[in-house]
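Line by line, the protein sequences give chains A, B and C. Residues in the first sequence are numbered consecutively from 1, following our numbering. Residues in the second sequence are numbered consecutively from 1, following our numbering. Residues in the third sequence are numbered consecutively from 1, following our numbering.
Bear in mind the hints are in silico, worked out from the structure with no lab data behind them. Note that beta-carbon positions come from the ideal geometry of N, C-alpha and C, so glycine has one too. Keep in mind that a hint or two might mislead.
Stated by the list, open to error - Cross-link-like lysine-lysine pairs, in silico, DSS-like; alpha carbons within 30 Å at most:
{"hint": "1", "chain 1": "A", "residue 1": "K185", "chain 2": "A", "residue 2": "K285"}
{"hint": "2", "chain 1": "A", "residue 1": "K308", "chain 2": "B", "residue 2": "K101"}
{"hint": "3", "chain 1": "B", "residue 1": "K63", "chain 2": "A", "residue 2": "K254"}
{"hint": "4", "chain 1": "A", "residue 1": "K308", "chain 2": "B", "residue 2": "K54"}
{"hint": "5", "chain 1": "A", "residue 1": "K212", "chain 2": "C", "residue 2": "K188"}
{"hint": "6", "chain 1": "A", "residue 1": "K356", "chain 2": "C", "residue 2": "K458"}
{"hint": "7", "chain 1": "B", "residue 1": "K97", "chain 2": "A", "residue 2": "K245"}
{"hint": "8", "chain 1": "C", "residue 1": "K188", "chain 2": "A", "residue 2": "K209"}
{"hint": "9", "chain 1": "A", "residue 1": "K356", "chain 2": "C", "residue 2": "K188"}
{"hint": "10", "chain 1": "A", "residue 1": "K356", "chain 2": "B", "residue 2": "K54"}
As the list claims (entries may be wrong) - Listing some non-contacts, in silico: residues in chain C with all C-beta distances to chain A over 12 Å:
{"hint": "11", "residue": "K9"}
{"hint": "12", "residue": "Y100"}
{"hint": "13", "residue": "A105"}
{"hint": "14", "residue": "P118"}
{"hint": "15", "residue": "F165"}
{"hint": "16", "residue": "L195"}
{"hint": "17", "residue": "E226"}
{"hint": "18", "residue": "I235"}
{"hint": "19", "residue": "M398"}
{"hint": "20", "residue": "Y431"}
{"hint": "21", "residue": "L465"}
{"hint": "22", "residue": "V469"}
{"hint": "23", "residue": "L470"}
{"hint": "24", "residue": "V472"}
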Amino acid sequence: MATDTEVDLTPRLKTDEMLINMGPQHPATHGVLRLILTLDGEIVRHTEPILGHLHRAQEWQGQNRTWFQYQALIDRVDYLSGMFTSWAMARAAEVVDGCEVPERAEYLRVMVSEMNRITSHLLWLGTYLIDLGAMFGFPFYPFREREKLLELFEEIAGQRMMFNYIRIGGVMRNPKDAWLSKLKKFTEEFPDRVDEYEAIVTENPIFLKRTKGIGILRKELGMDYGITGPSIRASGVNIDLRRTKPYSVYPKLKFDVPVNDRDGDTFDRYIFRIREMRQSNEIIKQCLDMLPQGEISGKKQIAGLRVKAGEGFAAVESPRGTLGCYIISNGSDRAYRIKWRNPSFCNLSILPELLKNHPIADVMAIFGSIDVILPDVDR
Amino acid sequence: MSETPAAKPPEEPKGPGLCGQFLKDHGIATNRLPDSCGVETIEIDGAHLEAAMKLLRGSSEIKLDYLVAVSGVDSADTFDSVYQLWSYTNNNELIIKVRVKKTDVVEGQLPLVPSLSRFWSAANWHERETYDLVGIRYYGHPYLRRILNVWDWDGHPLRRDYKQLVDSLNDKAPGSFR
Amino acid sequence: MRNGAEILKLGTLTITWWCIIFGAVWIACYLVGVAIPMLLSSYDSDAARITAETCRALTPILSVLVFIPINAMFMVLFERRGLAIFTVRLGPNRVGPDGYLQTAADAVKLLFKEDITPHGADAFMFTLAPIVFFAPSIFGAMPLLAAVTNYHELFQIVNLPTGIFFILAASSVPVVGIVMGGWASNNKYSLVGGLRSAAQAISYEIPLVLSLVTICLLAGSLDVVEIMKQQAGGILNWNILGGGALRGLDSALALKFSNSAPALQELSAKSFDQVLKTAYSDPAAAALGLVAGQDSMATIASIIAVVVLMACVLIAAGLYMTGACAEINRIPFDLPEAESELVSGYNTEYSGIKFAIFFLAEFTNLFVVASIFVVMFLGGGDCPVPAWLGNMLGGPQMASAINQVLSPLIAIKFVDPPTLFAAIWVILKVYGIVFFAVLVRGTLPRFRIDQLMDFGWKRLIPLSLIVFVLVVFAREFVNVHVGS
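Produce the complete structure using the sequences and hints provided.
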């Protein structure tokens, strides 16, 4: 192509944009996201995400199942962090209902959900490296530790991923002492494992090349799109509900929220998740030390569970950001309206902006770095 | 299923809250609703929504610059478009409701609410979702298409009067192109 | 060593499969190359003679055709088990005893799968692509056979005076197959994969070829057998350590440690230092240090040249490995089949036997580039232990003992000891390289295509040119293989 300053003597070469359908059956879209990419050569000019391949009408089911039934379903909204979806709804229902949650239950909730945050980030770490092309080596190491945590979950909730552990009013079951000591042992060795991941990834030159300066998320843009979670903290916005709108027993725990001092790129989003894992580990340690004795549920867990009439919105800080639940109850045994505010859904909406003018090879590097779970998007 | 939220015991009418007062100072009339779990809740006329949002978002003292969610509710006699507003920097919270009376909706058409997505990107997908599930048409939206259901889905599932066609999952729904 | 047991299992698996591969190839070659001609030699007719000669001539081809499928099958298994160890897993261990037959089962599965040609694909090209991809790895490897069998008489026929040239030419053909397959699939991902592959192959062939040219320059020959023979005599003579630059050290050490009487006499006549000195004061170096014929200056210049040469050759070896990884599309250069971007790249639409051929060719290519590395840098079938050290460790006794054991087989010409030992060393070295490739695969993420191009054109090619020029000058000051 001749530039403006040159005289164009040759007939102009006609170039067309190419449409590529990435997904829904694509190995790297983490489920069934479909991206319609408009490519200019290998450069992405426009992206249109098509959602809904995993739509399971969770909100409709919330209106048509009793509270007790629905509790068991919502772990599936975000299958990697089921504790948080349970907790968001439990909190919303508790806020509307006005029931008290025993302190032991709150500590247990914090503990299991921080464990869940670690498992979620570990899985993200593994799959993200797969997105970057490390197909065989590293991705299995995080799964080693995740497996240990899943075993602990299995022991306490009877399930490895769909826990249904956090219930409206409290938690389901009291952990045994053996479980607590196993967890303690895990928290002691976990920082070393994170060091191992960092040793193999953080200074890997190819990893740095693939992530540094790629997919820069400007702070203002992120706030405009309502991005939350580690993705926006890596871009310098201090929003962590555990600190900014404290809930449960978080005010009593000592931890600080890492916030970046510049617009974050893909690498920053990686490193902030790593830091968050270490921080969660510290929180679990503190909870183990501070765990009080007492009741674990402030509400009777029966099939006819009812929530008082009213409406309310409550949110928790999930591994992906603000996970909110807006409940309108009319006092019957099922909700009048349940609206989920899913972090993945909101974070995904920025993808077209981030992908603009990046080569197609970066699509997965960027998409992976905002940590989207498709069931959480499609509900 | 069809019963409406039970009527709350009547509360004494309160004066406008922080944000309500702020909007009143700027000449936008609001109607304060009962607080939902301690969060100020106001009703606002659809025509003033965009101006109010711009004021709330831009002002330095209120600074409600975080649009958490846009929800649609099919209430007893209104369609509500509910906006949860938070702030990235302070602790203000606000719930805004825009209500469209069902009697005002023309038969066969959708209730109309102005779209925010022209100046607030966060609203874009939430409005699409609400349009898809509850059937509130956000006018001025740049790309108002179904987002969670397939593009040729009939009806809006979260409406109280929604009846799923028996065959709609079997590609035999009348009007389906598949 | 938590997974010591697994490593042990991998070891036994490897040895078992080596025996299978060796046995199959050896027996096939023996039958066609030796046994049938021996039987036919009792008939005194032209037809018999022609048949016998044909059989002998076909032996190399037969050996390759027997070797490649079995070997590729084992390599897949080796890679999977190796990766499993790196990634704290167990790997395939169900089919057959401890998973020994996993890839055999996979092969059978692939053969019986439906062979699909996608709608809108160019059927002829689509079928031709795997063949074009696979064929060069068969005929391209031929000249190497002569080198790795220690120039056995049956394999002399495949040697070429311009062997390495032929090998490189052949190894650049498969990319045509990839482009063909990508284009014919009627799939955008395949097309992008194919085009990427072409771009990548063109970029990375240059450093690859330049590094090999450096070695050819050092050896003064394009003949792989010649290059291999020059490196005979232990690790200090191998090209990776300067292509004979350490030969002086080697001979000095040999004198120092040899027990034979004449050598001792020679040692007493010339001291150790003197041997070193004569080895490292090349006339050219002497000319450089000619400031009034100072010997020490000549030695210093010569030693500097030796160090430079060794560094250059090491870099060339690294360049070769990098270029070869890119050439055969392995991580971190597996852009053409980047799973997270292009689904599976050029072979997305392939299934059944065609996919199997792609798969087979990929692993065969890995084996071939590893063999080239072994022949060019690691002395081919040469024992890494220098003769003088081997003598001290009782090497000759061991060799004669082995010969004793094998004597019945040697008598019927089933075993030719030099060929056997060469082949064993080659296999060991090649699998060492393959293991390295597996380790790399287990560690690194993948480049982005533009970074790959940057890396190729802006880093590797200048570096390979610098190495080439440095070697040109450095070898003037050192007694390398040539001219000795």
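Any of the earlier hints contradicted here, and which numbers? Numbers 4, 16 - these are the hints that the structure violates, sorted from lowest upward.
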